[in-house]
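Engineer: Since each chain comes alone in its own frame, lean on the hints to assemble the complex.
First to last, the sequence lines map onto chains A and B.
Okay, so the first sequence: first residue is 1 according to the numbering used here, each after it adds one.
Okay, so the second sequence: first residue is 1 according to the numbering used here, each after it adds one.
Calculated from the structure, these hints are not laboratory results.
All of these numbers come straight from a predicted model, not from anything done at the bench.
Even for Gly, the Cβ is constructed at its ideal location relative to N, Cα and C.
Treat the hints with care, since some could be wrong.
Examples of chain A residues lying across from chain B (beta carbon under 7 Å, computed) [as the list claims (entries may be wrong)]: (1) Ala27; (2) His28; (3) Ser60; (4) Ile67; (5) Ser71.
In silico SDA-like pairs for lysine to any residue, Cα to Cα no more than 25 Å straight-line [said to hold, decoys possible]: (6) B:Lys113 x A:His28; (7) B:Lys113 x A:Ala36; (8) B:Lys149 x B:Asp79; (9) B:Lys113 x A:Ala17; (10) B:Lys149 x B:Ile124; (11) A:Lys22 x B:Glu59; (12) B:Lys113 x A:Asn79; (13) B:Lys149 x A:Ser88.
Here's a subset of chain B near chain A, in silico, CB distances under 10 Å, partners left out [to be verified]: (14) Asp18; (15) Arg26; (16) Asp51; (17) Met58; (18) Val108; (19) Glu110; (20) Gly115.
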Amino acid sequence: MSNEFSIGRQNAPNGVAILGVKGFLDAHTFEQLEEAIDGLFAEGIFRIVVDLAGVDYISSAGAGVFIGALSQCTEHSGNIILLRPTESVQEVFDLLGLSQIFTIAKDPNAALAAF
Amino acid sequence: MERIGNGGVRHTLMVPSDTQHLAEVREAVQSVVSQSAFPARDARLIVLAVDEAVTNIMEHAYEEKRKDHLDIEMVLAADAAKFEVVIRDSGKRFNPDEIQGLDIEEHVREGRKNGLGIFLMRKIMDEVSYKFKQGVQNELRMIKYVGGKTEKPGRPAG
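Next comes chain B alone, as it looks inside the complex (with noise of 0.2 Å):
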């Protein structure tokens, strides 16, 4: 973890594509949300945010190997009132917009599991966002602001 020019905090980590390192990335996360001014609730939410996040790029993008890596950055504002994390990989093309909305009730009704993960991850951040760089490399990012954004452009309502 270091500081950075403006007073805040960056913290990367480059871990293997395979899901017994998903604790890893949550003490990571943990550890720069707890300087943040987030409260409890929404520190631990942000946490399994990022941790859905990662799962749903371990588990789609490298479908048939496992031996790629994701990097992770993570940046805490000066005044510990945004996060910021930015998930690199180089797998599979995943864009999370191209998941629908969920009925939780159809997905019970059908024992369906997927899209919750992508659901929780719009549901607690304030900006979900993905840019896709063919052949080369997949970048998620999530920032979740202290209160809320009061302005969300561009995000689709529901």
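Just chain A, with the same shape it has in the complex (with noise of 0.2 Å):
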């Protein structure tokens, strides 16, 4: 297992920003993604689809940062749209009970669509 972590980032229709993110989110990397939302809120963006796919661990620090951001999107009339986490992933938002708080998207259009 390494460390690596990195979050690519891509502009898709209606102005929804959508973020990849690779590697571990635990509480050595949170932060960079916590930066990386604050930088779409500071654009004016709250569209946000952040894609698990390439996720393949995340403990309580990676999902607060979800739990911190949606408010802000909600409140400008926007969301949070968790696409494809892994299994593993998708376990630890079950556990958390955010399975039923979050839009979960299986795929992107469906991710795109849920705005």
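Structural biologist: Dropping the structure here:
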């Protein structure tokens, strides 16, 4: 296992930004995702898709980033959609009860249609 | 990693109190649980529970100095059906029992992130206990049994 972590960004139609996250989202790396999301907020972007297909592991620190972002997104008529979480990531969302609160999409088209 | 007298496995490590070492901790836990009888999902969750415990200590016990270390001892029972981890630190006292239960909807509504780690530790592990020796050492102990523990004395409901 390594702790390599990266975030890529794509712009999508209708003011949506897609952040593609790769690696481990733990207490050491979560701040990078937080900064990336805060950067979108500073640009006035509140419709965010986080592609989790490349995330091998998430802890509560990572989940906390989404919790912190959701209310800001919805207050600005946006949302933060979690796209194709891996099995292990989905397990953590289920344990925390987040699967009932966040919109989780299985594919990019479904994510973009969810706004 | 060593074999212990009764046929079990013990693995100990000492890590600096810095989150850059979390991956190393997870790898160590994985190396132990991979020898266990836990189903793959439970093995993953044990790794998560230890990560959460270590993260809490790193972030709370040593808020002002990151020069100390944590001692982590893991034991897998001879029948591979019980995993025990003890984490010792000499930082600020932190008792997970002092954190109340989690209302996730309220957390999300308020954008709060605290308490999630302890919630996961308690949900995943069958036993979570804490000892504090004033000015000396804190000791957090967590145990998980294959198939769960049928009797859970002293655990609060919910």
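Engineer: Against each hint, give a clear statement of whether it holds in the structure.
Structural biologist: How the hints compare with the structure:
1. Ala27: The hint holds - Ala27 of chain A has a Cβ within 7 Å of chain B, the shortest such distance being about 4 Å.
2. His28: holds (4 Å)
3. Ser60: holds (4 Å)
4. Ile67: Given a least distance of 5 Å, the restraint on Ile67 of chain A holds.
5. Ser71: holds (5 Å)
6. B:Lys113 x A:His28: Holds, at roughly 15 Å.
7. B:Lys113 x A:Ala36: holds (18 Å)
8. B:Lys149 x B:Asp79: Between Lys149 of chain B and Asp79 of chain B the Cα gap is close to 15 Å, so the pair holds against 25 Å.
9. B:Lys113 x A:Ala17: holds (24 Å)
10. B:Lys149 x B:Ile124: holds (12 Å)
11. A:Lys22 x B:Glu59: Holds - the C-alpha atoms of Glu59 of chain B and Lys22 of chain A are around 24 Å apart, at most 25 Å.
12. B:Lys113 x A:Asn79: holds (18 Å)
13. B:Lys149 x A:Ser88: holds (23 Å)
14. Asp18: holds (8 Å)
15. Arg26: holds (7 Å)
16. Asp51: holds (5 Å)
17. Met58: Holds: closest Cβ of chain A sits about 7 Å from Met58 of chain B, inside 10 Å.
18. Val108: Holds, about 5 Å.
19. Glu110: holds (8 Å)
20. Gly115: Holds, about 9 Å.
Hint compliance for this structure: no hint is broken.
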